[in-house]
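As you go down the protein sequences, you meet chains A and V in turn. So in full-length UniProt numbering, spot 19 of the first sequence is number 19, and the numbers just go up one at a time. So in full-length UniProt numbering, spot 181 of the second sequence is number 181, and the numbers just go up one at a time.
Read the hints as simulated data drawn from the structure, not as lab findings. Each hint should be verified, as a subset may be incorrect.
Stated by the list, open to error - Each computed DSSO-like pair below joins lysine-lysine, with the alpha-carbon atoms no more than 30 Å apart:
#1 A:LYS192 / V:LYS95
#2 A:LYS15 / V:LYS95
#3 V:LYS95 / A:LYS195
#4 A:LYS121 / A:LYS243
#5 A:LYS25 / V:LYS256
#6 A:LYS92 / V:LYS256
#7 V:LYS256 / A:LYS78
#8 A:LYS249 / A:LYS293
#9 V:LYS230 / A:LYS174
#10 A:LYS121 / V:LYS256
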Amino acid sequence: MITVENLKKEYKLVKRDPGLKGAMKSLFNRKYETKHAVKGIDFTIEQGETVGYIGSNGAGKSTTIKMLTGILTPTSGKVTVNGLVPYENRQKNAVNIGAVFGQRTQLFWDIPVRESYNLLKHIYEIPEQEYQETIEMFTEVLNLESLLGIPVRQLSLGQKMRCELAAAFLHRPKVVYLDEPTIGLDIAVKVKIRKFIKEMNQRWGTTVLLTTHDMQDIEEICDRIIIIDGGTILYDGGLDEIKKQFGQKRVIHFELADKEKFELPSALNGQVEVLPNEEETKISLSFDHEAVKSSFVISEMMSMYEIGDLNIADPKIETIVEDLYNKQEQGEEHEKVLANS
Amino acid sequence: MRRYTRLYWEFAKSHMKVMMEYRIDFLIGVASVMLEQFASIFFVKVVFDHIEQINGWSFYEILFIYGIAATGRSIHQIFFDNLWTLGWQYIRPGKLDRLLIRPVNPLFHVVADRLHQDGFGQLIIGLIILGTAIPQLDLVWGAAEIAMLVIMIISSGLIFVAINLFFATFSFWMIDSLPIVWAVFNLSDFARYPLTIYHKGIRMFLTWIIPYGFTAFYPAAYFIDKSGYKEFALWTPVAAIVCCVLAYAFWNRGLKAFASTGS
Ligand SMILES: Nc1ncnc2c1ncn2[C@@H]1O[C@H](COP(=O)(O)OP(=O)(O)OP(=O)(O)O)[C@@H](O)[C@H]1O
Ligand SMILES: [Mg+2]
Chain A
1 MITVENLKKE
11 YKLVKRDPGL
21 KGAMKSLFNR
31 KYETKHAVKG
41 IDFTIEQGET
51 VGYIGSNGAG
61 KSTTIKMLTG
71 ILTPTSGKVT
81 VNGLVPYENR
91 QKNAVNIGAV
101 FGQRTQLFWD
111 IPVRESYNLL
121 KHIYEIPEQE
131 YQETIEMFTE
141 VLNLESLLGI
151 PVRQLSLGQK
161 MRCELAAAFL
171 HRPKVVYLDE
181 PTIGLDIAVK
191 VKIRKFIKEM
201 NQRWGTTVLL
211 TTHDMQDIEE
221 ICDRIIIIDG
231 GTILYDGGLD
241 EIKKQFGQKR
251 VIHFELADKE
261 KFELPSALNG
271 QVEVLPNEEE
281 TKISLSFDHE
291 AVKSSFVISE
301 MMSMYEIGDL
311 NIADPKIETI
321 VEDLYNKQEQ
331 GEEHEKVLAN
341 S
Chain V
1 MRRYTRLYWE
11 FAKSHMKVMM
21 EYRIDFLIGV
31 ASVMLEQFAS
41 IFFVKVVFDH
51 IEQINGWSFY
61 EILFIYGIAA
71 TGRSIHQIFF
81 DNLWTLGWQY
91 IRPGKLDRLL
101 IRPVNPLFHV
111 VADRLHQDGF
121 GQLIIGLIIL
131 GTAIPQLDLV
141 WGAAEIAMLV
151 IMIISSGLIF
161 VAINLFFATF
171 SFWMIDSLPI
181 VWAVFNLSDF
191 ARYPLTIYHK
201 GIRMFLTWII
211 PYGFTAFYPA
221 AYFIDKSGYK
231 EFALWTPVAA
241 IVCCVLAYAF
251 WNRGLKAFAS
261 TGS
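Only chain A is shown next, with the shape it has when bound in the complex (with noise of 0.2 Å):
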């Protein structure tokens, strides 16, 4: 479906001094600086699959998503979507796309959703009798009823995006890019949204990829991560396979009577990491759970303390990915300080 091979992606940038001058020395003679946003991905994904794309900000995320949209050409790499090359045959490989980009709307801004539908109706030429049924359908699960006749302009954030969705998946594409499309939503317009593409997913089999910073978002909808920092891929694998190659961490928090008085038992000591914890009466401990067990973690601190509740969290693919992270800069320091020795 998608494959990408050595993929990069190199922007110029005009170098410039600081100030008036460096601005008038920028316009005689110019120096460029060259950002290496993406610096040689591989990755192949399947029809059907649901693919989260992760990474911190300005990982080059949106860059690939642009690569393979076609909208922008690549500095060197092959990418082919359905069997096209997506900036050689963009119109061609339009069809086959759907795409929603953060808080930038893809709806006609003056004219009523309604309208704008009907448009994208003509623009991709879906039949009538389908695109019927779709907008009845899509207007059920997203609730689109009473925006249909408002213009985009009047509707509010979550409204907008609801109704973007809708128009990202109305010609029934093969892939759906989505960049952000949960970003500055409540939970409630969260929970329809991932609801929707999981369903839309299902239905037609349609194959996802989705980038965010939410990781509720991948959790609920995607079966495969992809991570990628500083234009590299750091991780790429099932949801379930990284929780349990790099999910060992366990925490537990306890609701003690007296937190003031709280010292580690000393059994724990080195094994066992006191979290921050904003509340007053709790406590949170981290450890490995393949070093100690979390029921000698309970009893030590049940013999100790007086213990009003406890809760084992699960291990989160947040803090997954944050330790993934932070291991990646560890290593880049690490490297740093080699190459200066």
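Here the structure of chain A is known, so what remains is to put chain V with the ligands in place on it, guided by the hints.
Below, chain V with the ligands alone, put in the same frame as chain A:
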């Protein structure tokens, strides 16, 4: 081609619905353009009250040139007005991205995104001026002449479009080329008078470099024997096609540059 015609019609229907919803804005837009045009014709009229001819051109002949310019410009203004907004509305805010992932020609999409009400004022004025000027000219009008006038007006419109497209395309490399597009567009005012009243250099410039001469003076000269440009005027449709081809090729280059820089 058929598909694009149908698609354009669908876009236009939506725009017209919006226009009808904001009827007051529509009327004010049309009226203000008409007022503006009347003011500049009034100015010409005042000049002619004092002298009979300018360089051998009578008032009604100049009015005729004016009328062709106004009608040609209205084609541009009604259907292609969105070219003005290419930089700040499409390229900078990333709206062009969304057009690039649709299965239509992006230039078509930009153009079809707007139908400009003020252009209708321009069209009405243009037709009124032509209707006033033509009976006063010493001409016989047959079907052939009318067909020729229509061809000339369409060519005039296309040249306005091509020149605007060409300079708007610079927005792919600059933050916004709007000031340049404006500056160039203002030159078209010169072309509403007989080019023969100008210095040779200006005449050459408006014929071969920025060919606004073909938007009014040359088309009009076809119908006015004494101009001495009757034959040269026949090149007008050719000039229009050449300009469109060049501008479109340049636009494609701009798109290509956009695809490699992403901004
Ligand atoms: N048009 C551009 N010109 C120059 N540099 C760019 C351009 N677009 C992005 N970059 C740079 O390329 C890098 C990758 O950007 P990209 O937008 O792909 O990141 P991202 O992973 O989507 O980040 P975020 O999570 O913040 O959206 C960044 O360092 C960014 O500054
Ligand atoms: Mg991004």
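- Item | Hints violated by the structure (numbers, ascending) | 4 and 9
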